[in-house]
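Visitor: The residues making up each chain are set out below.
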Amino acid sequence: MSEENSTPKSNGVSRRAVLAGGTALTASLFMPKGLKASDFPTSAVNTTGLAVTDDTVTIGILHSVTGTMAISETGSVQAEKLAIEQINAQGGILGRKIEYIQEDGASDWPTFAEKARKLLVNDKVASVMGCWTSASRKAVLPVFEQHNGFLYYPTFYEGLEQSPNVIYTGQEATQQIIAGLDWVNQTKGAKSFYLLGSDYIWPRTSNKIARKHIENFMDGCEVVGEEYYPLGHTQFNSVINKIRLRKPDVIYAIVVGGSNVAFYKQLKAAGIDLTEEAPLLLTISVTEDEIRGIGGENIEGAYACMKYFQSLDNPNNIEFVKAFKEMWGDDMVIGDVTQAAYLGPWLWKAAVEAAGSFDVDKVRAASPGIELTTAPEGYVKVHENHHLWSKTRVGRAQADGQYEVVFETAELVEPNPFPEGYQ
Amino acid sequence: MFADYSMSELGAIFAMQGFAGLILFSVFVLMALGLAIIFGQMGVINMAHGEFMILGAYVTYIMSNIFADYMPALFGMYFFVAMIFAFLASGALGLFVEWALIRHLYKRPLDTLLATWGLSLILQQIYRSVFGAREVGVSIPDWMMGSLPLTDMIEVPINGIFVMILAVTISFGVWIMMYRSKWGKQVRAINQNRVMADAVGINTAWTDRLTFGIGCGVAGVAGSAFTMIGSTGPTAGQLYIVDTFLVVVFGGAGSLLGTIASAFSISQAQSIMEFFLSGSMAKVLTLLTVVGILMIRPQGLFTLKLRK
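The listed protein sequences derive, respectively, from chains A and B. Heads up: the first sequence begins at -3 in our numbering, then just goes up one per residue. Heads up: the second sequence begins at 268 in our numbering, then just goes up one per residue.
One or more hints might be untrue.
[Unchecked claim] Among chain A residues calculated to face chain B with C-beta under 7 Å, some are:
1. Thr64
2. Glu223
3. Tyr224
4. Thr230
5. Asn237
To be clear, the hints were calculated from the coordinates, so they are not data collected in a lab. Positions of the beta carbon are idealized from the N, C-alpha and C atoms, including for glycine.
Model the full assembly from the supplied sequences, consistent with the hints where possible.
Guide: In structure tokens, the structure reads:
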């Protein structure tokens, strides 16, 4: 397949896009391909002194490539670089090639803030693809708001935030949780749930939403246990015994990091075979990336609720997976967040073209309603609250480390970062 | 909480919970033995202990790949070979580190803390560069996974039994070396009075190096065993370091029996509390208790009478 075919085309006009038209983005959809920089003089597209020249535009990539979080953030960096390369191969944005400056947040939140300031103040980058943990996002948020930067944040997270300077390309908590719980209830007849998580904000907020949903919106369902273990906890035998005692239909697990590996290995060693679904295990914290560390044979049969799985069978995704492996190697796996990170540069490109400018204020104004028909996860659209409309899917872990998609919502799920009735 | 259950169910759960406590005990013993030798006998605060363990884990990972590629028929047995290599690799690195770094700092104990902490960061980054930032999946032979049904309701994890046997074996080995070998006598002599030991002709420099090496080697074996129950990644060693120091300090530095007694009490306390409270709460209470006892008895549970 030629280079041409393997690159997504965000300008393509689809029936759906035309039907959904009527916003600022319609203009971008009918813009001819291969825009020339000369049609967009730098003085017109950059009125705020960003790093835009007659043939280049500079953006920042801000992730941890050293320290604890490198394990998770590496995939995001790779996806963002792939997207940038593909956009450049198509002729860039407004006729300008994207160049990037990569900074290392080093898994340290003050470092993230410092590097963000450097990118915005010294380098004057037009936008930043970055951050992974909520802690790092919270650390850079004041910097982005003070210097009016524009951040594309890829991770699924707990919600309860909406900044004018951030586009959240991952799902907020309700998008990831509710459809999955309904699914196990309706198709598996699950009635009782044991909530388990690592002890920090994301699992706690997510489980709070899960509990509210189970108790208030699912008939006859109950939570039979809720537990948190310190980050890095490696001994789960006690909780496994407790789960045995309570006999829940579903173990709802939001364990992260090294604890994840210990949890699934010990679950298997304790004789709980997840393929038998007694109890069934549903997680929102294990992507294909994590399975590499856990080992497919240890988690086979578990269900995960995400918006993206590498095994998704659609033309966009097949091309994306192929391009990703060509660039980064055949043994790569692509998890939910990696795909969300890949959307960042494409969404920014679409917003810039809709705005006809790199100015942050104009890009922000153009962002709501921006849609991407070429996303590997399918069709996504930016909501006015800066999160994405996207589908929720449930996958079942296979021994080879991939998920088999067993369910997806019929419609896009509306992002709702401040869910009423769930607080 | 227990009203709805029959006696036999409860009995089974408590039996399994007791077993979970014993597994935790064995894990603590394995973690702490290497450090008990290094910190207890030499007074070196080795912050890189976790990274020596992870070296053992990575050696196991390499061996599993070698066996899977070249000797698939023997894959079921690779773990034993891997543990020997883990001991040798971590031990060799320990000898080298002692020679290059630690021996210059014996008179400056607080500097060893900083130096070994730096060493742990260096090792983490080396692992990250060599093996990648992501955790690696170590495939374990099938016979070591899964559980052993003792009765209809009681199931015990096979890897738990394996860890227990290993903990007993290594403790016994360390005890033999410490209390029944010439090297052990020399180590204890140096610990009691370094100048005098030197004067009677003990090669203190070499004994120190060997002690450090053996301590690191034991850590490597522990790391190798932990691939069965935990993760293998560049920073996974950090998961163990706090518990390890806790066990050694609480037991009383310099006492093998103290280390084992402290591992037993901490693991039982934690495992019982985890069952009745939540995981985070159990951890908090365990730490509080340990801190409380150490305030009353700063020297730890067991101490040797030393003339310094």
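Visitor: Holds or violated: is there a CB of chain B closer than 7 Å to the CB of Glu223 (chain A)?
Guide: 5 Å, holds
Visitor: Are Thr230 (chain A) and chain B close enough, Cβ to Cβ, to be under 7 Å, as the hint says?
Guide: 5 Å, holds
Visitor: So, Thr64 (chain A) near chain B? Judge it on the closest CB pair being under 7 Å.
Guide: Because about 5 Å separates Thr64 (chain A) from the closest Cβ in chain B, which is inside the 7 Å limit, the hint holds.
Visitor: Was the hint right that Asn237 (chain A) lines chain B, CB cutoff 7 Å?
Guide: 5 Å, holds
Visitor: Could you check if Tyr224 (chain A) really has its C-beta closer than 7 Å to a C-beta on chain B?
Guide: Status holds, d = 5 Å.
In this structure, none of the earlier numbered hints is contradicted; all agree with it.
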